[in-house]
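*Asks:* Chains A and B, in that order, are what the protein sequence lines are.
Offset between the first sequence (1-based) and this note's numbering: plus 327.
Offset between the second sequence (1-based) and this note's numbering: plus 327.
Wrong hints could be hidden among the right ones.
Each pair may be met inside one copy or between any two copies, as identical chains are not told apart.
As the list claims (entries may be wrong) - Taking lysine to any residue pairs in the SDA-like style, the calculated list, with each CA pair at most 20 Å apart, reads:
1) K356 to I516
2) K522 to Y398
3) K529 to E467
4) K454 to D617
5) K743 to E731
6) K621 to H352
7) K454 to Q367
8) K359 to L421
9) K627 to G530
10) K601 to D713
11) K601 to D774
12) K454 to A422
13) K356 to E513
14) K454 to L421
Hints were generated in silico from the structure; no laboratory data involved.
Number of protein chains: 2
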Amino acid sequence: MARPIRFNAFDMNCVGHQSPGLWAHPRDKSWKYKDLDYWQDLARTLERGVFDGIFIADVIGYYDVYKGSNYHAIHQAAQLPVNDPMQLAAPIALATEHLGIGITASTSFEHPYTFARRLATADHHSKGRVGWNIVTSYLESGAKNVGQGGLRRHDNRYEVAAEYVEVLYKLLEGSWEEGAVVRDGEKRIFTHPEKVHEIAHKGKFFEVPGYGLTEPSPQRTPVLYQAGASGPGKAFAAAHAECIFVAAPTKSVLKAYVADIRQRIAAAGRDPKKVFIYTLITIITDETEDKAQKKFEDYKSYVSYDGSLTFMSGWSGIDFGQFAPTDVVERIETNAIHSFVEHIAGGDKSWTIDELAQFGGIGGMGPVCVGSPERISDILQEWVADTDVDGFNIAYAVTPDSFEDIVAHIVPELQKRGAYPTEYKPGTLREKLFGDGPYLPKTHPADGYRDIEAVKRREAEAVPALKTVGA
Amino acid sequence: MARPIRFNAFDMNCVGHQSPGLWAHPRDKSWKYKDLDYWQDLARTLERGVFDGIFIADVIGYYDVYKGSNYHAIHQAAQLPVNDPMQLAAPIALATEHLGIGITASTSFEHPYTFARRLATADHHSKGRVGWNIVTSYLESGAKNVGQGGLRRHDNRYEVAAEYVEVLYKLLEGSWEEGAVVRDGEKRIFTHPEKVHEIAHKGKFFEVPGYGLTEPSPQRTPVLYQAGASGPGKAFAAAHAECIFVAAPTKSVLKAYVADIRQRIAAAGRDPKKVFIYTLITIITDETEDKAQKKFEDYKSYVSYDGSLTFMSGWSGIDFGQFAPTDVVERIETNAIHSFVEHIAGGDKSWTIDELAQFGGIGGMGPVCVGSPERISDILQEWVADTDVDGFNIAYAVTPDSFEDIVAHIVPELQKRGAYPTEYKPGTLREKLFGDGPYLPKTHPADGYRDIEAVKRREAEAVPALKTVGA
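Using the sequences and the hints, build the whole thing.
*Replies:* Right, here's the structure in full:
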């Protein structure tokens, strides 16, 4: 197989992740998100389908732009309630052997020193199958609720994130040398103290003088995910991310994005083919075209108009509650809405607010692909061939059915065509994805923090030099 | 059975928790702490032995008082490396049906808003079997490493803790009313918005205006553990704790402590019999007295002198590295050492530094009980009868052997005597322990935060009154 299509499952530790209202569908089990069995069963399904991983999104906060209140978010369980994603890593690891486990965590809510320990622990527990989805943004309500414990609001979020990952690299890559832990019962040495280093980090936002708390985990730094689509988000992804998650309404939008991001990765001195890009999609399929279309019609009847616009308003910052369902977007004199709708729709259609709600009501901001296994497989292959994307980040309409349908129908069809992997590669998640060993490659910025004593000398020299300039 | 003896396993997500050097014993498996199988196997053993729970201690930081460095802590893996305890809750829950899971978390390192979500998530995942061991103290090195993200150093730790638990009660008890979540597919209502409340918390240390992120977990507030022995620690435990963990060298010290704490609990308006007190102990046993004694001698030969004094120095703040092993404590002119040794030894012996290291080298600061099942059972029953303690918090010398020996030898002997439970009670951890329902009782301070709208009115009225006083 030259270059297989890659699948990732997009989920969240909540009810009806991006399909507001579909929790009421009799087949939907997302309300069982509190049960570990639910997650373990889903993980086994995805591993049977040779998915690269399951990616657990997260928000801390809630959607309150629509009609200026939280009413509809709560009413439709629109990502509220929401449980901690990190605690899903161990149970998913226990239920599977290969599946990657992507956990979202923000650089805004926890200190990097304690977060480094959480992340390393998850990597230990999963024997190296964890990815970290780095997010910087947060809902206004989240920032308010973590009050003084949170970061200052006026901080540049990506500037904080850059220093945050630097602290993590120092702790996870630099603090504990290879071979530090020997567990030598004869000589009664567990760890060689001279091979464990204080990181002496003194930055603009964080000060961490000491040692990392954890011994090196299988991947040291887990696989780095990123989903930022803004300018600084793209720059951050090009510098750090190994898996990038995007949402694009059309092939032409996607193609331009992929070309741009690969060029930026190359400009950062990294191999642009060793960063995987997954585009958001929702797939509704069945044995036949007709059955798939009927399934789609059935699903659509459960979409919550208010729930859908709750998300859209939260994501765009535009309160769609001020319009009637029949209002046509072209006739609304707000540039922001035009640009938002253009982004999601690819600009080739005029939309009513109701159509907008229907569109976003299944699987969020990605295209919804409905049809027979053959037709869907044609489309997926076409998207990959035409856009240079590596694969798909698959949202569900109804869970676990959406994923089970894909594993039952799409995966075998693509495998038959030689376009999808039939088994996992051995090793850690990073090895399964890229095949070059468990650690970040030498071209990655993390490599610069491995010889921490050299970093400390460099930083010690840099400080007086800067002072001289200022004097 | 009138009043059974209760067992709790004392552990930590690290190597050789309180038995420095015993990691080198060929039977010790604590170096496998990174593996979930290790924890699941241990949990199954404890459940077979009808232990109330497993209590995962934690430190963020490391021991650097001994000889003024971290050398020996690192060399002997003395609670460094150490992994995140919270991520053990789900795997232990998956391996067991009844065992309580006590997770330690500090009120100093994470904001209560995000911590409330973590705790509720663990309670959901375990179907209500989680306890939270509330700690306020931390190692100096931990405070330094969480830099500006941590709380201000000069804050009164128990004052912060009191407000921290208040925020948790408001979020976990008050924000989501009973019956808020209905998941009514017919009416398309997941949650009644009018039954979910903003908590509007505005305190000295935290400001949390909004909603809790999680729907009510089986216990709402998990079972509250506390282990503070200082004056403010005792007051906090008397007000809030449901399980209290103590360390006492002699029956007379323990008896006085238990009487004092029960009196304080009663004074706080709570039922002193519905708070369980577990005292630290290490048990070394085998089929016969002789085998047990030989096992003890074997274990002792692995104690690390430096590792043991690393802990003792860290706990007491006294650098024992300044003395020779043969120095006799009585001859050292430092009151602090006398008082520390008196505390751990009960004041009835004169100690050399080497004896001190030996004493603390197995199981930390609790007594070590060595003998046949009959002899140990006699001692345990005598301690309970003479001191009014509810049970024992059992540290290991070598793990899992120390626990397996107890389950194989002590538990059946005590059961034969009708002094130990033979099965678990049904329900959540709180119901298994106290039998009165899954939630904190009405006499607990958490009850005052259940009607959150009343709390908000009360607080709104209180503020002007206070202002008037100040004016």
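*Asks:* Each hint should be assessed against the structure and marked as holding or not.
*Replies:* Cross-check of the supplied hints:
1. K356 to I516: Classified as between; 16 Å across copies, 51 Å inside a copy.
2. K522 to Y398: between (55 Å within a copy, 11 Å between copies)
3. K529 to E467: Only across copies: K529 and E467 sit 18 Å apart there, 29 Å inside one copy, limit 20 Å.
4. K454 to D617: neither (44 Å within a copy, 42 Å between copies)
5. K743 to E731: within (18 Å within a copy, 52 Å between copies)
6. K621 to H352: within (14 Å within a copy, 65 Å between copies)
7. K454 to Q367: both (17 Å within a copy, 16 Å between copies)
8. K359 to L421: So K359 and L421 pass the 20 Å test inside a copy (19 Å) and across (16 Å) alike.
9. K627 to G530: neither (51 Å within a copy, 46 Å between copies)
10. K601 to D713: For K601 and D713, only the intra-copy Cα distance (19 Å) is at most 20 Å; the inter-copy one is 68 Å.
11. K601 to D774: Within one copy, since 16 Å is at most 20 Å while 55 Å is not.
12. K454 to A422: both (13 Å within a copy, 19 Å between copies)
13. K356 to E513: For K356 and E513, only the inter-copy Cα distance (16 Å) is at most 20 Å; the intra-copy one is 54 Å.
14. K454 to L421: Both: 10 Å inside a copy, 18 Å across copies.
Going down the numbered hints, you'll see the structure goes against 4 and 9, while the others check out.
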